[in-house]
Amino acid sequence: MQYNHQEIEKRWQQFWADNLTFKASNTSDKPKYYVLDMFPYPSGAGLHVGHPLGYIASDIYARYKRHKGFNVLHPQGYDSFGLPAEQYAIQTGQHPAITTETNIKTYRRQLDNIGFSFDWSREVRTSNPEYYKWTQWIFIQLFNSWYNKDTDKAEDVSTLVSKFETEGNANINAVSDEDITVFSAEEWKGFSVEKQQEILLQYRLTFLSDTEVNWCPALGTVLANDEIVNGVSERGGHPVVRKKMTQWSMRISAYAQRLLDGLQNIDWPQPLKDSQTNWIGRSQGAMVSFDVENYDAKIDVFTTRPDTIFGVSFMTLAPEHELVAKITTDEQREAVEAYVEATSKRSERDRMADVKTISGVFTGAYALHPFTGKQVPIWIGDYVLASYGTGAVMAVPCGDQRDYDFAKHFGLDIPNIFADVDISEKANDVKDGIKLANSDFLDGLNYKKGMKTVIYELEKRGFGYGKINYRLRDAVFSRQRYWGEPFPVYYKNGMPQMIEAKHLPIVLPEVEKYLPTEDGKPPLGNAEVWAWNTETAEVVSNDLIDNETVFPLELNTMPGWAGSSWYFNRYMDSTNEGEFVSKEAVDYWKEVDLYIGGSEHATGHLLYARFWQKFLFDRGLLPVDEFAKKLINQGMILGTSAIVYRITGTDKYVSKNLKGEYETDEIRVDVKLINTSDELDIEALKKWQPQFENAEFVLEEGKYIVGREVEKMSKRWFNVVNPDDICEEYGADALRLFEMFLGPLEQTKPWKTSGISGVYSFLKKLWKLYVGESGINVSDAEPTKDELKTLHKTIKKVEEDIENFSFNTSVSTFMIAVNELTAQKCNKRAILEPLLVLVSPYAPHISEELWSQLGHTESISTVAFPKFEASHLVESTKNYPISFNGKMRFTLELPLDMSKDEIEKTVMAHEKTQAQLQGRTPKKVIVVPGKIINIVG
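In terms of UniProt numbering, the sequence shown has 41 at position 41, counting the first letter as 1, and numbering is strictly consecutive.
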């Protein structure tokens, strides 16, 4: 009876689906365990073998926890809004919903083929109106909230209005816009409704503001920093410019300190924690105001080294700074405008990374030093970012390397106020004891005391104040795209109004074109039925807009991270139509116990999700303020690309080992055209792409050998391996085992399909341990001591490996166990049944099949995990080497509890001892119990 993986795997996948084997309950008496993968974006390419790596690891752990008696929630869904589907719609005219549905069907089939134990009854899709109804609802909660610094949490905006009505805003300790106008309670009551709404927008956690954004004209949308690579859009490689637009933003900066503090309470990889810490960027220093000469304007600067203020010799503004246009002189205007235009084409990331290029332009204006009154020339430079700090720096060239380089390049003043310090030494590296000159209150102070003294003087003289600053900026939340969550917002007299929650969802409308309108409005500007009737509470034709009862709806959509910032909570109660998650469900599941996904989301999804979680916790909607206890970043599986070598300037291709004779260009070709010996199928290549139809090939020994390169698995490099092909030829169990066997989960490792045959051979050997020619071959006889030893050392090792997420070493352990049991000719049920349970998290299909053939009717998935018994690993005998005059002649197995005299008597009476002595009496017998026996004769 042969091992037929195709038949077995289809049967058990159908069994799991029909019997809802992995459906989790919200009311179980069992302890809970929540295992989650970062849900995928369903691209048209489907999965390649690199994608399931984390899914396989999480599935092993989920299955293991079920064996351990836990009620396991292991859901899956799709992050199904996004730019790729929209771009495809623009190119083809096909609605993104259609392509998304097609792609999801492909993903679902592939995921099912690999045998994951997902609870599909809880599937979510961010593009489903039943799901984004609650994303819209959360947006409304954010809009109706403000951050109270006194209570250090978000509160309903009604509590803020109450304060305004009774005391005005002079003493309100809130996270808000910087330019807040102070008013009394009476003044508040006298403001118009529109004025009150304008003021509240300065406090709300989601708000409208004019913001510098990354604008991609070709895509017609704003891009996040992580959607830009080398100054162009990641999608399509289009130019990106900086542009000021009115956008919805999220006041994530309110949570900066709590986001930092919370990192201490979660078991996440330290490099990822470091990324978030650096991104949040807490620094302590002072805010300093410089008056601009001849203008009613001030330049605010945040500095971590206020004690260096007497070294300021110039100021640098970000080219986007709002004062640049105002203060630039006529003589400098042309140069400044040209520089601003050039800078707008560089992304913030590129500007931050470029430490070598020195560029800038003088504005022609001067600031006045707050202490000395001296003129300080004001420059602009692209190394200063509008989104970081205040968009301005006070340059101290004797204390900062970049300021020094800038001053040196442009011939600016470099006062040396530090004694005995190299002029290029960074201020943060300066040690205590440095003496500062040029002031009447800093002489003799070290720099730490100097900082406090300067802050005191700044506050006393009204030039500034001490401040803790964060690099973290409020998150832009608008996208000029079609395929995203619509905002539940309409506009009355230019002010945003929230649609009542009972009328949600506001469903994405149909449009004829997915591009922005001709007059530059977002794609929703093409919708003909996109207005809100406040009387009938429905979306109606734009023709009915009268700004009395029918008003225009928001044309932007939400960003991709909106739906992914809370989906883990929806899985707890995914079919609830009345609330985003019930109290009963969230009180039971609380948070994710194990989250597996990529480190590339450190400062995107993972930071935003922590922000939303803390907000929902503040509003009493969730019981915990961190959504995932433990996070593991899986590594990447690399592909092995195939390279052909074109002789430069010709249509001739030379085999790998002959290319040294020519100047060649490397061209990657589809790995499916290469055999296991790296030999190219030339005829198949000619049919693959037109460029190869008439090509000539220079062969070596009658073959064309390609070069190989291990690199990222990608359609771009034609090195993608489809898991469908692997499952077809070797089976899902072999794929699962092989991906784990490649190396530690967190490490990057190369894929080589030829290696999977060894794992497949192991599965066939495992099968033969249970099944003979005529069927199952298992006895109820008592196991031997050696068989029990093999089993229990395997139990111990596998349990330790799974608990430590060392899945690769478990696969080796299985192979050793099967080899030992095969050698022992073991067919004992007491050994083979527990072994199957150990293997089942890794290779569930073959385990279910053999479990069934052993006579069981229930699934193996909830059978108790075998218990390790240490007694089976304790040796009761010792195989002693018996030596004569120091030379070992034979071995003898004796009980470990024998006394020294008993050992000597037994050895001396043995026939082999007598044969060695040949009647002689030894001089002495040396016995060390448990170690050696030496007969000296």
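Worth flagging that the hints you see were computed from the coordinates, not collected in a lab.
Please note that the accuracy of each hint is not assured.
Pairwise CB distance ranges (calculated) [claimed, not checked]:
| hint | residue 1 | residue 2 | range |
| --- | --- | --- | --- |
| 1 | K905 | P31 | 53 to 59 Å |
| 2 | G231 | S714 | 36 to 42 Å |
| 3 | E711 | S25 | 18 to 24 Å |
| 4 | V874 | P31 | 51 to 57 Å |
| 5 | F697 | P509 | 52 to 58 Å |
| 6 | R333 | K298 | 20 to 26 Å |
| 7 | S209 | S757 | 24 to 30 Å |
All residues carry an ideal CB built from backbone N, CA and C; glycine is no exception.
Hint check, failures only: Those not satisfied are hints 2, 3, 4, 7.
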